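Student: Those sequence lines, one after another, are chains A and B. Per UniProt numbering: the first sequence = residues 1 to 448. Per UniProt numbering: the second sequence = residues 1 to 448.
Rather than coming from a laboratory, the hints here were simulated on the basis of the structure. Given the structure is predicted, the values throughout are model-derived calculations rather than measurements. A hint or two may mislead.
[Claimed, not checked] A partial selection of chain A residues facing chain B, derived with a Cβ cut-off under 7 Å:
1. Y77
2. T294
3. S296
4. R396
5. M402
6. S421
Positions of the beta carbon are idealized from the N, C-alpha and C atoms, including for glycine.
2 protein chains.
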Amino acid sequence: MPHKTVIIGGGAAGLGSAGGVKAADPDAEVVVYTEFEDVAYSPCGIPYVHGQEIPDFERLFLATKEQYVQVGIDVHYETSVTGIDTAARTVQVTGEGTVGYDTLIVATGFEYADPGVPGGDLEGLYYVKNIRAAMEWDKVLDSVKRAVVVHATPLGVEMTTSLAHRGIETHLIDPNPWPLADMADADIMAPVEESWRELGVVAHFNTTLKGFVGQGHVSAVATSDGELPCDLVVVATHKTPNARLAAAAGLKIGSTGGIVVDERMATSVPGVFAAGDAVEVPHGLTRVPLQGLTGSHAYAQGKTAGVNAGGGTRAYKAVYVPWGTPAGKWVIGGASFGETTATALGIPYVLGQAQGISRARYYPGVKPVKVKLLAEPGSLRLIGAQMVGQEGIKERADFLAMAVKHGFTFHDLSTMENVYSPAIGALNEPIVVAATNGLDELRKAGKL
Amino acid sequence: MPHKTVIIGGGAAGLGSAGGVKAADPDAEVVVYTEFEDVAYSPCGIPYVHGQEIPDFERLFLATKEQYVQVGIDVHYETSVTGIDTAARTVQVTGEGTVGYDTLIVATGFEYADPGVPGGDLEGLYYVKNIRAAMEWDKVLDSVKRAVVVHATPLGVEMTTSLAHRGIETHLIDPNPWPLADMADADIMAPVEESWRELGVVAHFNTTLKGFVGQGHVSAVATSDGELPCDLVVVATHKTPNARLAAAAGLKIGSTGGIVVDERMATSVPGVFAAGDAVEVPHGLTRVPLQGLTGSHAYAQGKTAGVNAGGGTRAYKAVYVPWGTPAGKWVIGGASFGETTATALGIPYVLGQAQGISRARYYPGVKPVKVKLLAEPGSLRLIGAQMVGQEGIKERADFLAMAVKHGFTFHDLSTMENVYSPAIGALNEPIVVAATNGLDELRKAGKL
Ligand SMILES: Cc1cc2nc3c(=O)[nH]c(=O)nc-3n(C[C@H](O)[C@H](O)[C@H](O)COP(=O)(O)OP(=O)(O)OC[C@H]3O[C@@H](n4cnc5c(N)ncnc54)[C@H](O)[C@@H]3O)c2cc1C
Ligand SMILES: Cc1cc2nc3c(=O)[nH]c(=O)nc-3n(C[C@H](O)[C@H](O)[C@H](O)COP(=O)(O)OP(=O)(O)OC[C@H]3O[C@@H](n4cnc5c(N)ncnc54)[C@H](O)[C@@H]3O)c2cc1C
Numbered sequence: 001m002p003h004k005t006v007i008i009g010g011g012a013a014g015l016g017s018a019g020g021v022k023a024a025d026p027d028a029e030v031v032v033y034t035e036f037e038d039v040a041y042s043p044c045g046i047p048y049v050h051g052q053e054i055p056d057f058e059r060l061f062l063a064t065k066e067q068y069v070q071v072g073i074d075v076h077y078e079t080s081v082t083g084i085d086t087a088a089r090t091v092q093v094t095g096e097g098t099v100g101y102d103t104l105i106v107a108t109g110f111e112y113a114d115p116g117v118p119g120g121d122l123e124g125l126y127y128v129k130n131i132r133a134a135m136e137w138d139k140v141l142d143s144v145k146r147a148v149v150v151h152a153t154p155l156g157v158e159m160t161t162s163l164a165h166r167g168i169e170t171h172l173i174d175p176n177p178w179p180l181a182d183m184a185d186a187d188i189m190a191p192v193e194e195s196w197r198e199l200g201v202v203a204h205f206n207t208t209l210k211g212f213v214g215q216g217h218v219s220a221v222a223t224s225d226g227e228l229p230c231d232l233v234v235v236a237t238h239k240t241p242n243a244r245l246a247a248a249a250g251l252k253i254g255s256t257g258g259i260v261v262d263e264r265m266a267t268s269v270p271g272v273f274a275a276g277d278a279v280e281v282p283h284g285l286t287r288v289p290l291q292g293l294t295g296s297h298a299y300a301q302g303k304t305a306g307v308n309a310g311g312g313t314r315a316y317k318a319v320y321v322p323w324g325t326p327a328g329k330w331v332i333g334g335a336s337f338g339e340t341t342a343t344a345l346g347i348p349y350v351l352g353q354a355q356g357i358s359r360a361r362y363y364p365g366v367k368p369v370k371v372k373l374l375a376e377p378g379s380l381r382l383i384g385a386q387m388v389g390q391e392g393i394k395e396r397a398d399f400l401a402m403a404v405k406h407g408f409t410f411h412d413l414s415t416m417e418n419v420y421s422p423a424i425g426a427l428n429e430p431i432v433v434a435a436t437n438g439l440d441e442l443r444k445a446g447k448l
Numbered sequence: 001m002p003h004k005t006v007i008i009g010g011g012a013a014g015l016g017s018a019g020g021v022k023a024a025d026p027d028a029e030v031v032v033y034t035e036f037e038d039v040a041y042s043p044c045g046i047p048y049v050h051g052q053e054i055p056d057f058e059r060l061f062l063a064t065k066e067q068y069v070q071v072g073i074d075v076h077y078e079t080s081v082t083g084i085d086t087a088a089r090t091v092q093v094t095g096e097g098t099v100g101y102d103t104l105i106v107a108t109g110f111e112y113a114d115p116g117v118p119g120g121d122l123e124g125l126y127y128v129k130n131i132r133a134a135m136e137w138d139k140v141l142d143s144v145k146r147a148v149v150v151h152a153t154p155l156g157v158e159m160t161t162s163l164a165h166r167g168i169e170t171h172l173i174d175p176n177p178w179p180l181a182d183m184a185d186a187d188i189m190a191p192v193e194e195s196w197r198e199l200g201v202v203a204h205f206n207t208t209l210k211g212f213v214g215q216g217h218v219s220a221v222a223t224s225d226g227e228l229p230c231d232l233v234v235v236a237t238h239k240t241p242n243a244r245l246a247a248a249a250g251l252k253i254g255s256t257g258g259i260v261v262d263e264r265m266a267t268s269v270p271g272v273f274a275a276g277d278a279v280e281v282p283h284g285l286t287r288v289p290l291q292g293l294t295g296s297h298a299y300a301q302g303k304t305a306g307v308n309a310g311g312g313t314r315a316y317k318a319v320y321v322p323w324g325t326p327a328g329k330w331v332i333g334g335a336s337f338g339e340t341t342a343t344a345l346g347i348p349y350v351l352g353q354a355q356g357i358s359r360a361r362y363y364p365g366v367k368p369v370k371v372k373l374l375a376e377p378g379s380l381r382l383i384g385a386q387m388v389g390q391e392g393i394k395e396r397a398d399f400l401a402m403a404v405k406h407g408f409t410f411h412d413l414s415t416m417e418n419v420y421s422p423a424i425g426a427l428n429e430p431i432v433v434a435a436t437n438g439l440d441e442l443r444k445a446g447k448l
């Protein structure tokens, strides 16, 4: 009999897992359960369809249902798993009863944090996730005049920009003094806030959510600063691990609420793996557990969980978290952490900063690229980076995460070679300038 | 008396040097000699003004003459140095006679290799370098119907694309079977050749130059494959070090014809430094000396030479040569070397290749990115990389050169985290896919 793996979840982690199992053991039986009507669509594209940068939802689907059948991945759609019995190696499935497994992968993903205020049952509150729901909400958007986005999380930032692009009067509320305040620094976000103003967005910072107001349908959002009338609310509260099933089954849960896993993505219970937004993994430098990372992390973790569940060997290492996203007319990004997080964690750092450019100064389309590098005092090893610019932010973020991981110093980055070609890169790479400025500051201060 | 540094050359290396001296010793006397009317313009932009991507020449100037005066750099324009006496620490200067120095920096740059064929004295042969000359040639281009570009060097590739963009019927001749054959692989250049065809470029490969034909003004280029009638020839032969002065003064010259320097950019003669295209520096892996690198290298070398000439300490390390340039409708680039060079040097390698994408598959403007990685068999340490794509080639080339330098393996690159955000990056970074494919191939072949 083939080895059977059951996967709970049809998101990036679940499908990465399914592929991983098949890669390690092509004969394995793989069953995927999802509550949704579809797998293999990219939720990440949804904000951009709403913003009309992407013309339709159809192209967000990555593969047809038949393709999964063909590769031997048996997806059960609109099917809930309601319990796990790790001793019996079975799961309880709505409409299917008790189903056995040899190995189990829990990839139940994330949920938006409950806003915890009155009015949560009103119509007109949009939690962006399921693509079928998004297609319906998109029709609604055509008649929305005023919208409120609750919290400047990554999704909140994307949706704010998208709704503004859509021509909707968009208000953003957040309890912090600037957007993305728990990951990005204020100076990185300042140009984003300015470009939002140009787009007509009204941002309300230092403002807490008090409730949703309305008769049946939401008509306003109550805040610490008064009521904001609106036709629609995008609830983009922070992501929390959806680990209820796992916790009920006795899997060890960590301090963030995410399932605890080792480098093999194995949970505390033999035969049970977990991956994606339902788990927590350590930050490479601080070892602080992180939850709610990205689809890219979920996919890679899924692959690792799947390979190991399928009898192979693969390790998933601590993370250095390159990140990036368009925001207003800018692209922001970074790796590891910025000043805000370093300060909050009490991690000492020295800074190297530069206001660089993306192409030759004289080449049409040249854009500013601001780079901030944080290094450990003394060793000058890179411990974090943040950027705001347009071109090449994603590639630089990927690189800087590797630079943190491999312990590159300001010296390494300051002497790094770079491409100079007017249409694609400036004489001085902004990362090099930032590291060089960092060294110059230290020299001036007599600390080098 | 202040320490006096004489710099021969007002290009990237010469001006980088001047800045380096002043950084190390703000009181130093710095005199720069150049044969040209200007310093501090970017020759790199010239092809793009000809191609009308950049609207005018004025913006290629980086600083005004007054700005150099203000920072205490004394530039002597249109002034030739005709000899160096390293024993007396003097140079011979046209119109100035014998001029003393404490330290000397030779930054005499490159020359295009003499084509060595009859007709080299005809009018209508354009050697792209000096900006004043370029401004005159740009007027000539308005009436040029048919042009021939001699040799598919980096500048030849840029000028071919530019002349085609300008609407000129452009022919390219080169003795090799594909463009940039001594640095780029055939498969990397294939899409470029196709996009040139779309632009109406006629490329003549495996074709040698026999001479320039005409009465006073060039009217055709004679080749091994017959005559090509034309109104203008761009002579973009390969770059050679302009090291005549240095050689005559007894400075040690290397196998490439470039001035030999150490990590301080010091030549074989005490008190004399050199930098830029006039020198040769070792490749980081092969230690093979390289000449004719880029303006970015020239600038960084100049800075090192200047700091050391000014009494400071700075090292310039062996190079891993990130490179990149637009070519046709593509951007090509890489680091270290590709298959062609590895094969020519007898360096064994294993390959990891991927045809990736620059954004989410469904995001408008997504472009293919082909990545080829070469690794040392066994250790699987990266030894070279080549790419063809559009977005993010320059940033990836910079990163890959650092990856070669720091000995990253296919394993490191295959497990690297990456940003996934639909508008700026795909779920799977092409570099990661290439490394993963390389590992998969090895596994299939039982070599891992
Ligand atoms: C609008 C939006 C935009 C995003 N943008 C980006 C982006 O730009 N870049 C990026 O990297 N990531 C992005 N993400 C990804 C996201 O932030 C997560 O990291 C990712 O979705 C996590 O994947 P996952 O598979 O762990 O969980 P989820 O995507 O949350 O999937 C969970 C799966 O589990 C299933 N499930 C849960 N409970 C049960 C149960 N009891 N029984 C059966 N099935 C169950 C669900 O049906 C679902 O299929 C975006 C997500 C959204 C929603
Ligand atoms: C058209 C063009 C496009 C380019 N594109 C790029 C690009 O996209 N990216 C890139 O990185 N680089 C580019 N380059 C740069 C180039 O390839 C070289 O690497 C760079 O110019 C080398 O700088 P250098 O200062 O060493 O020498 P050069 O630029 O050759 O300067 C030599 C200097 O020495 C002076 N000189 C020489 N002999 C004497 C003498 N006897 N007396 C007095 N002065 C003397 C000359 O007047 C000149 O000022 C381009 C160059 C050109 C011409």
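Student: Please go over all the hints and tell whether each is borne out by the structure.
Tutor: Verification of the supplied hints:
no.: 1; hint: Y77; result: 21 Å, violated
no.: 2; hint: T294; result: 6 Å, holds
no.: 3; hint: S296; result: 4 Å, holds
no.: 4; hint: R396; result: 6 Å, holds
no.: 5; hint: M402; result: 6 Å, holds
no.: 6; hint: S421; result: 5 Å, holds
Checked against the numbered hints given earlier, the structure breaks only hint 1 and satisfies all the rest.
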